[in-house]
Amino acid sequence: NFACIYTYPFQEKRTTFTREEIALLYQMKLIVQDNLNIFLGISYDSDEFFITWQQCFKGTLAHVLSTTKGEAHMEQKRMSNNIKGTFVKDILKGLDFLHKSDIHFHGALTPNNCLIDSHWILKLSGFGVNQILHRWRHRRIITTGDKTALIPNSELHYYAPEVRQFWMEEHQGGKDVMSPLSVAMGQKADVYSFGMVLYEILYGKKFVALEDDPSGVPLDDEFVNSNDANQLFHFDKHEKIPQLTSLPENDDVHADLSVNLIKCCDINPAVRPDLIMMRRITDSTLKVQGSLVDQMMKNLENYTNDLENLVKQRTHQLEIEQEESDNLLLELIPRSVFNDIRSGKPVEPRTFKHATILYSDIVGFTSLCSESTPMEVVKLLSGIFQAFDSIISKHDTYKVETIGDAYMVASGVPEPSKNHVRNVAQVALKNREFLEDYEIPHRPGQHLHCRWGFNSGPVATGVIGFNAPRYCIFGHTVSLAAKMESSGIPDKIQMTVKSHQLLTARFPEFKSTPRGQVKIEGLGTFLTYWLDGVEELLISDRSSYKRTIEDSERGSMERETSMVPDRPTID
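When we follow the numbering used here, the leftmost residue of the sequence shown carries the number 44, and every step to the right adds one.
Quick caveat, the hints were computed from the structure, so don't treat them as lab data.
Some hints here could point you the wrong way.
Estimated spans, in silico, between C-beta atoms of each pair [to be verified]: (1) Arg385 <-> Gln360: 52 to 58 Å; (2) Ser379 <-> Thr409: 23 to 29 Å; (3) Thr358 <-> Val75: 45 to 51 Å; (4) Glu282 <-> Glu367: 32 to 38 Å; (5) Ile532 <-> Gln489: 16 to 22 Å; (6) Leu570 <-> Glu419: 36 to 42 Å; (7) Gly447 <-> Ile532: 19 to 25 Å; (8) Arg385 <-> Asp160: 19 to 25 Å; (9) Glu391 <-> Ile363: 28 to 34 Å; (10) Lys355 <-> Lys396: 48 to 54 Å.
Don't be surprised by glycine CBs; every beta carbon is placed ideally from N, CA and C.
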């Protein structure tokens, strides 16, 4: 067996019990009913006063109501009308038994004093002993562990207004001993408390929401030791609790039940119905279908459905997050390599005999950065590279990396392509066309100038790194392509003799002019060419240029299918 223990530190010397209090404790120990929690006893031999009740493992009604109101996945249990009706009837059965017993009334009916056992039976707890606590608090014998009022503000509205007024008058009258509540007042107050609890069960919210202390923080020692330290509650909150005169719209609540709920919470005790009337009303308006086992099976079925929906939602969220993660990774590595990494296969280095590598670099970028703010530089590069990315996505090329203003593109890797040199040539031309019209965002009217250079030949590839993998391309072809860019001039596209031979042999629509011998530092002297464009490129009409590019693409595709015999084929 497990116990629930409430602790109240002693402020002064321990006291003795009156004859009436001993009789009350004896009756509490003897009372047994299905909807009343078992009182195990008290202990006051130490510096603290302990009250012990039997533990109910489903928690309190307040906890059940709070988890059904929220939208917190596993906690979102739907409280069916059957369960609501069962709880309401359990409360009324427990109250009715108390009112007919020698204890006479509960005196502190709140959702926190309504416990749910492992069989989902509601049991009333905290009855009777609160009368002793109130008297001892009034005499400053006990305090609360967190130095707050005995009745927290969040539970004050469950107590009837006449009871709150009675306690205030007893305190202000300066009596050394607080008078007990009369049986009639206590029973009418229980009906009021039941009305407030019923409101919370039916509508899923509290009638009044007050903070647990007047300032939002625990009371300090100065208050605890002041003349007001023996207050049962904060008197200034009494006037802030309105009268319940109307109810929220809810088609599920029967009209007769609504009318009597308002009567239960009337400030005039004489208007409140008795428990017999409320049991009749709830029996007729909150009809429970099937046995308690049937109700619990239905509740478990609803819970299972909620759990299945939760699994679907979480799975969908996981799929979305996985897709976003995959898209981010695909920005770093090619799809073919990505598929190997995702399936757990080792990514082996590969060599490609035929590929073309393109480098581009913005002229004067360093000086431009020194004269611009970081955000202006980011906006500039973002605008340029977004356009470049859009262009390469249409021409079977792959962006290898960007380092500052440098932009590296490859075709023929990681997927082999017979048209690798043409793809790179088209990307370079369209990039140049874009920059001719592009204005620096923070310098209207001013344009950027760029150098391009590409080379064709064999390359080696591999994935470098594990936590942040990068797809890298190596080889002499790559180094020479970078030199083609660095040795070029603004607004010009420079290519090696090998790229020129491949391009003009298969795609004669591309026009080029020889630059001559160029000395490349560390590599020697090379014959290079300028890529000027395609036929009619130099005409200022941009639409004509675009049509020419598109025609060249269609023409090359037709040639690939027909394959003229006397034209050399280069893979």
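How the hints compare with the structure:
1. Arg385 <-> Gln360: 52 to 58 Å: 19 Å, violated
2. Ser379 <-> Thr409: 23 to 29 Å: 36 Å, violated
3. Thr358 <-> Val75: 45 to 51 Å: The hint (45 to 51 Å, Cβ to Cβ) holds, given that Thr358 and Val75 are roughly 49 Å apart.
4. Glu282 <-> Glu367: 32 to 38 Å: With Cβ atoms ~54 Å apart, the hint is violated.
5. Ile532 <-> Gln489: 16 to 22 Å: 19 Å, holds
6. Leu570 <-> Glu419: 36 to 42 Å: Cβ of Leu570 to Cβ of Glu419: about 41 Å, so the range 36 to 42 Å holds.
7. Gly447 <-> Ile532: 19 to 25 Å: 20 Å, holds
8. Arg385 <-> Asp160: 19 to 25 Å: 50 Å, violated
9. Glu391 <-> Ile363: 28 to 34 Å: With a Cβ separation near 32 Å, Glu391 and Ile363 satisfy 28 to 34 Å, so the hint holds.
10. Lys355 <-> Lys396: 48 to 54 Å: At 49 Å between Cβs, range holds.
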